[in-house]
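S.K.: So the protein sequences, as listed, match chains C and V.
Read in order, the letters of the first sequence are residues 1 to 125 in our numbering.
Read in order, the letters of the second sequence are residues 126 to 725 in our numbering.
If you're looking for bench data, these hints aren't it; they were derived computationally from the structure.
Among the hints, a few may not be true.
In silico BS3-like links for lysine-lysine, alpha-carbon gap of 27 angstroms or less [unchecked claim]:
1. V/Lys-216 <-> V/Lys-177
2. V/Lys-229 <-> V/Lys-206
3. V/Lys-339 <-> V/Lys-265
4. C/Lys-76 <-> V/Lys-216
5. C/Lys-76 <-> C/Lys-47
6. V/Lys-507 <-> C/Lys-76
Letter by letter, the chains look like this.
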Amino acid sequence: MEKFFIDHTEDTPRVELNQEENIYEISGKSLPENAIAFYLPIITWLKEYNRNHSESIIFDIRLDYFNTASAKQITKLLLVLQDLSETIDIKVRWFYLEEDTDILSSGLRFSRLIKVKIELIVLPD
Amino acid sequence: MDLFTQLIKKTIKYFVISNLLLMNSFSCFSQTKKVPDEVQSQIDNYRTNAIKNRNVGDDNSAATYLNKIAFLYWEYFIYDKAVINFKEVLKINQNIGNKSGEKKVLENLAFVYSDMERFDKAIECFTQSHVFYENAGNKKDIAASLSNIALSYNNNGQARKAIKFAEKGLELSKSLNNIKLMRSFYGILHESYGKIGNKKKSTKYFVLYSSMDKHIQQKRFQEREKQNKAKISQITIEKDVAIHEKEVKEEELKYTQDTLEQRQLAIDLLNLENEAKEARIKVKEARIKAKEASLQAERILRYFLVVVFLVVSVFAYYVYRQMKMKKRANAELKILYNDIEKKNIQILDSINYASHIQEAILPVINSINKEIFNSFVFYKPKDIVSGDFYWFSKHEDEIFIAAIDCTGHGVPGAFMSMIGNTLLNEIVNERRIYNPAEVLTQLNEKVVFTLNQGKDQEGFSEDGMDITFCSYNKKDNQIKIALANHTACIFKNGERKIIEGDIFSIGGNIGDFNVEFTNHIINIDTKTTLYMYSDGYQDQFGGHKNKKYMVGKFINTITEMQKEDFSMHHEILEQELINWKGEQSQIDDILVIGLQFLPK
């Protein structure tokens, strides 16, 4: 699979999806003007993911802000991972700064809503 | 014959017979011999020629051939045949009157007879030839002839006759001062006087002979010396000449060399001239080249200037074109800008107008304030229109206040807010649903329905809203709060309570969850302050490290501001946000509602 890479901008996160090197990561801020358009290729890439290739995926989310529109797209993304987790061992690592209870609570909320193992990892300030 | 006689004889012969080639010591022996064959054939040849000449009448030539025959016989000691031939020559000479030849032949005959030792016959011949000498008158010849006669008489034993002729000849020789002849006569006289017994005279003449002979020898020696000297001098001269010639030749050579050198010099000079010429030419060429070079340089400079001019021109043209293009581009940009600005203005006008609509649906703060003890709404949309909005309604003793954060901001958020507003009006005002949890449940259903978010529906959208819905019953002195993906904060007697809402949103929910909401009931037994808010405030970036404000800090801020009078809270929140945000732009719509209730 071709690797997917978008560098971060002022209002969009850095996204790297690389099956060969087993790197799956979204990091930065996510407040795109059009959240659906921004997340569509990411979600498409994950939907077309070659299940035969990898035995396990560790998906890192290192967002320090996402707006409500992005939250909806992240939900959608996590649902795709939920589908994949039927055949592949998937773990989402949700990173949050120690004092950022917003991100923590978002992570908690997702871990309750979605049937994918979401590991909440605290980062020192 | 003694040795002395032989010597004299020899001397006489030497002197007289010049033609005789061979006169040897054997002449005294009369021998009869044959001539060798080749000599005989030559003799025969001469004789043939002699006969031929005689037949044609050339007696002179015939005599010559016969004479040659006579000499050949004489040479090979065949005297008789020599005599015969000489006699024939004599006869011919007598016939033709050749007196000189006759005289010579007579003499030769005399000598042949002498060799034959027939001195009487010799005397006869010498005497006959003498007549010719007497007639000719040459004293020296006469004297020589006399010596031959005298010697022959001496040899023939006729001493007195010999002395007579000898003395006569001596006198003649003395007159001629011919010492050689004198010596001959002295010898004959010495011998003849000796023969007749006159020793005195014989000795006298011997002495004279000896001295004369010595004198002759000396003279001969001197002569030879002279000849040698002459030869030497001649050789010297020749040598000198040779040297001279050599010198001359050397001179010539030198001259030639000099000439050559001169020529070489001339050539060199010529070469030099040529070189000079060449040098001049080169200088000229160099000058021409220099001139050419300078011309070239000028040309190059000219080219360079032309090139520079061209480059500058091109550059200038380029700049001009760029400027023109820029101008055009600027013009186009300006047009575009104007266009965009126009459109922007239109859009802004449109949005601004829309914002009036949105503002129109927003409740008037005063109407809220009328119903409760105190309140404020800190409402700060990110854009002109907002995804956040607040809603207010009243039914009898109950009032309903909601803080809503629709997904997205700006126009899409505003659309959602219009839906939310409409649906809330429908649920609460028309359907008279007053239970907050029930309101949210119905709201969710209606949003899902409105946005076709139902199961198996195409065009599923995740859009929706988070909401805090609060009902306040004045009669019951109680507030009920339901929260969809929201939190709220309550202060009672300085005590803070965070109300955690349900994790579900309104609309856009996922999974097979049964979306239900919970009511949080708070009794107003004391002064109670409720804060309802969207996440806009806490998500604002800013501060030293451009960090998110975060919920914790937000809760701290509203906790801290409890020390201040409620009327100050709006301003505090606003100031705090301004300080925090700094140069950063607002990240989302912000809504904070503060409500203060007092128990009845």
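S.K.: Take the hints in turn and mark each one as holding or not.
M.R.: Okay, the hints, checked on the actual structure:
1. With a C-alpha separation of about 17 angstroms, the suggested pairing of V/Lys-216 with V/Lys-177 holds against the 27 angstroms cut-off.
2. This hinted pair checks out: V/Lys-229 and V/Lys-206 have alpha carbons roughly 18 angstroms apart, not beyond 27 angstroms.
3. Distance restraint check for V/Lys-339 and V/Lys-265: the Cα-Cα separation of roughly 21 angstroms lies within the 27 angstroms cut-off, and the hinted pair is therefore satisfied.
4. Only pairs whose Cα atoms come within 27 angstroms are accepted, and C/Lys-76 paired with V/Lys-216 is rejected, the gap being roughly 187 angstroms.
5. For the proposed pair C/Lys-76 and C/Lys-47, the alpha carbon gap of about 11 angstroms is at most 27 angstroms, so the pair holds.
6. For the given pair, V/Lys-507 sits about 25 angstroms from C/Lys-76 by alpha-carbon distance, which is consistent with the 27 angstroms threshold.
The structure fails hint 4 only (numbered hints given earlier).
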